[in-house]
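Enquirer: Which chain is which? The protein sequence lines are A and B, in order. If you're matching positions, the first sequence starts at 1 in my numbering and goes up one per residue. If you're matching positions, the second sequence starts at 1 in my numbering and goes up one per residue.
Some hints could be false.
To be verified - Computed footprint of chain A on chain B, listed as stretches where at least three residues anywhere in the stretch have a Cβ under 8 Å from a Cβ of chain A: (1) 175-184; (2) 208-219; (3) 269-280.
Stated by the list, open to error - Selected chain A positions facing chain B (Cβ under 10 Å, derived; list incomplete): (4) Gly78; (5) Arg84; (6) Gly112; (7) Glu143.
No lab work stands behind these hints, which were simulated from the structure alone. Quick caveat, the model's predicted, so the values are computed rather than measured. Ideal Cβ placement from N, Cα and C applies to all residues, glycine included.
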Amino acid sequence: MSEDLRAAVAAGVLGSEEGYRALLQSIVEVARAIFKAKASSIFLLDEIADELVFEAVSGQGQESLIGERFPSSTGIAGFVLVSRQPLVIEDVLADPRFSREAAEGTGFVPKGLMAVPLLHEERALGVLEVLDRPRDSKFSLAEMELLGLFANQAAIALDLLQRARRAKDALSGDGELDVVARVAAALEARRDEGSEDAAFRLLAELERLL
Amino acid sequence: MAGSGDLLVGGRKHSTYKTAERGVFFLAVEGVRPGSYASSMTQEPLPAWSLPADAVQRIELPEAWPGEITREWAWGGATGASVRVCVLDSGVEAGHPLVGEVQQAIAISIEGDEVVVDERDTEGDLCGHGTACAGVIRSLAPDCEIASVRVLGAGYTGSGAVLLEGLRWAIEQGYEVVNMSLSTTKQKFAGLLHELADSAYFRRTMLVASAHNMPVESYPWRFSSVISVGSHEQDDPFAYFYNPTPPVEFFARGVDVEVAWTGGGRLVCSGNSFATPHIAGIAALVLSKHRELTPFQLKSVLYLTATNVGGER
Numbered sequence: 001m002s003e004d005l006r007a008a009v010a011a012g013v014l015g016s017e018e019g020y021r022a023l024l025q026s027i028v029e030v031a032r033a034i035f036k037a038k039a040s041s042i043f044l045l046d047e048i049a050d051e052l053v054f055e056a057v058s059g060q061g062q063e064s065l066i067g068e069r070f071p072s073s074t075g076i077a078g079f080v081l082v083s084r085q086p087l088v089i090e091d092v093l094a095d096p097r098f099s100r101e102a103a104e105g106t107g108f109v110p111k112g113l114m115a116v117p118l119l120h121e122e123r124a125l126g127v128l129e130v131l132d133r134p135r136d137s138k139f140s141l142a143e144m145e146l147l148g149l150f151a152n153q154a155a156i157a158l159d160l161l162q163r164a165r166r167a168k169d170a171l172s173g174d175g176e177l178d179v180v181a182r183v184a185a186a187l188e189a190r191r192d193e194g195s196e197d198a199a200f201r202l203l204a205e206l207e208r209l210l
Numbered sequence: 001m002a003g004s005g006d007l008l009v010g011g012r013k014h015s016t017y018k019t020a021e022r023g024v025f026f027l028a029v030e031g032v033r034p035g036s037y038a039s040s041m042t043q044e045p046l047p048a049w050s051l052p053a054d055a056v057q058r059i060e061l062p063e064a065w066p067g068e069i070t071r072e073w074a075w076g077g078a079t080g081a082s083v084r085v086c087v088l089d090s091g092v093e094a095g096h097p098l099v100g101e102v103q104q105a106i107a108i109s110i111e112g113d114e115v116v117v118d119e120r121d122t123e124g125d126l127c128g129h130g131t132a133c134a135g136v137i138r139s140l141a142p143d144c145e146i147a148s149v150r151v152l153g154a155g156y157t158g159s160g161a162v163l164l165e166g167l168r169w170a171i172e173q174g175y176e177v178v179n180m181s182l183s184t185t186k187q188k189f190a191g192l193l194h195e196l197a198d199s200a201y202f203r204r205t206m207l208v209a210s211a212h213n214m215p216v217e218s219y220p221w222r223f224s225s226v227i228s229v230g231s232h233e234q235d236d237p238f239a240y241f242y243n244p245t246p247p248v249e250f251f252a253r254g255v256d257v258e259v260a261w262t263g264g265g266r267l268v269c270s271g272n273s274f275a276t277p278h279i280a281g282i283a284a285l286v287l288s289k290h291r292e293l294t295p296f297q298l299k300s301v302l303y304l305t306a307t308n309v310g311g312e313r
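With the rest of the complex left out, here is chain A (with noise of 0.2 Å):
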């Protein structure tokens, strides 16, 4: 098999887009759940761009967030990202310029929140933030631990999502092997079902073909 097919092969079951946002999504529904939260969000660094991107969201505003962006020094979680430091606010309307604006065009204006940096190897991805711990429960330095392990985990989920992307970029010039590539993704996905064979021939017809 050339080089290119190999990866475009590669880049087909390395896993989906969907998969990871998947795994995000999963991350924040957990957070919000174990800190009894009333909502929690993932925002990835668009380095290129220089703005936070809301990647993934549960509670409150779930579904009209995803994509919304904002720049990346806006806000705690844009002081969270290039501080790398975490923050845990109890009474952020007490803040005039808590991105009020941007949380009342979210439809969710939080009271309190904990944003904790995204951070993996020696870059910083994004954020995650847990909106709305109940009041009367007292926060301590062990959730704090347990936030820290949260946001290792969605560090590295944001990582392979954005070499998901990236792979699927490198393609995306090249109409063939984009075709290759989803292919690729197809069969590895019915690869339980003794598909493994076939999946081989396919390819190095294909390969023929082109």
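Assemble chain B onto chain A, guided by the hints.
Expert: Structure of chain B alone, referenced to chain A:
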């Protein structure tokens, strides 16, 4: 230190220089020879590399070190007066009831390959975090001078380089204490940050930096020439603990701390970001009473007066 070009822009003093022009500045600073320190007490260069027999008297310490260091000796009656504390952060809101006067407000940015130093930053605080740190320092050392060096707010891109240049600027200015409730994970800055931290240590600038509570490599808190700070859960702002298993050296109050925030506001916050200025404030108190302490001695005083060491005496 003069830059390659000083200019007035809109009534503000700007200085700029090329990042590539800056080497390890501490070897080239006028009046400071490598390895020597012209003590303000003696006005005479002290021994650099070795100690001849007739020089022992010349390194006599300006103040007797008591047999037992107590908190009373360390900062009893001190207010932080005339100690210059730099808050390297998102800016500081001057005139906030919990912060009071801010003696200097500087903004560092990078445009292309030029470092721009705005010595009259009028932006205030872009987030609230720097104001929070300044308020904690003020609550412990009410009469210290506070300078804000703003290195955050211009976006994520380049934030590591701005942090590095801001720290370089703060060390050149000779602040006695620099509060750094932030860090960078970029490996390429680690070496330069390490050199800067070491030069600060020898130039009597104590860097107090927030530790990370996540399993990542970040700087400069991991360097032994700075004081690294994590959080404990107690309410006492003067409770701090020495950690015999570094890299985190001290734990200070960092949970449910009422802090100053922008717009004259107050918030209850948690994080190592707020533990750090507690140690910076106590350091300012100690230095205002014992002006000749080196960072090594200051660290020793903090160790000996820590709650879990001799702090109860």
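Enquirer: For each hint, tell me whether it holds in the structure or not.
Expert: How the hints compare with the structure:
1. 175-184: Our answer is that it holds, as 4 residues pass the Cβ test (under 8 Å) against chain A, meeting three.
2. 208-219: holds (count 8)
3. 269-280: holds (count 5)
4. Gly78: Holds - the Cβ of glycine 78(A) comes within 10 Å of chain B, reaching about 8 Å at its closest.
5. Arg84: holds, 5 Å
6. Gly112: At about 9 Å, which falls below the 10 Å cut-off, the nearest Cβ of chain B leaves the hint on glycine 112(A) intact, so it holds.
7. Glu143: Holds. Min distance 9 Å.
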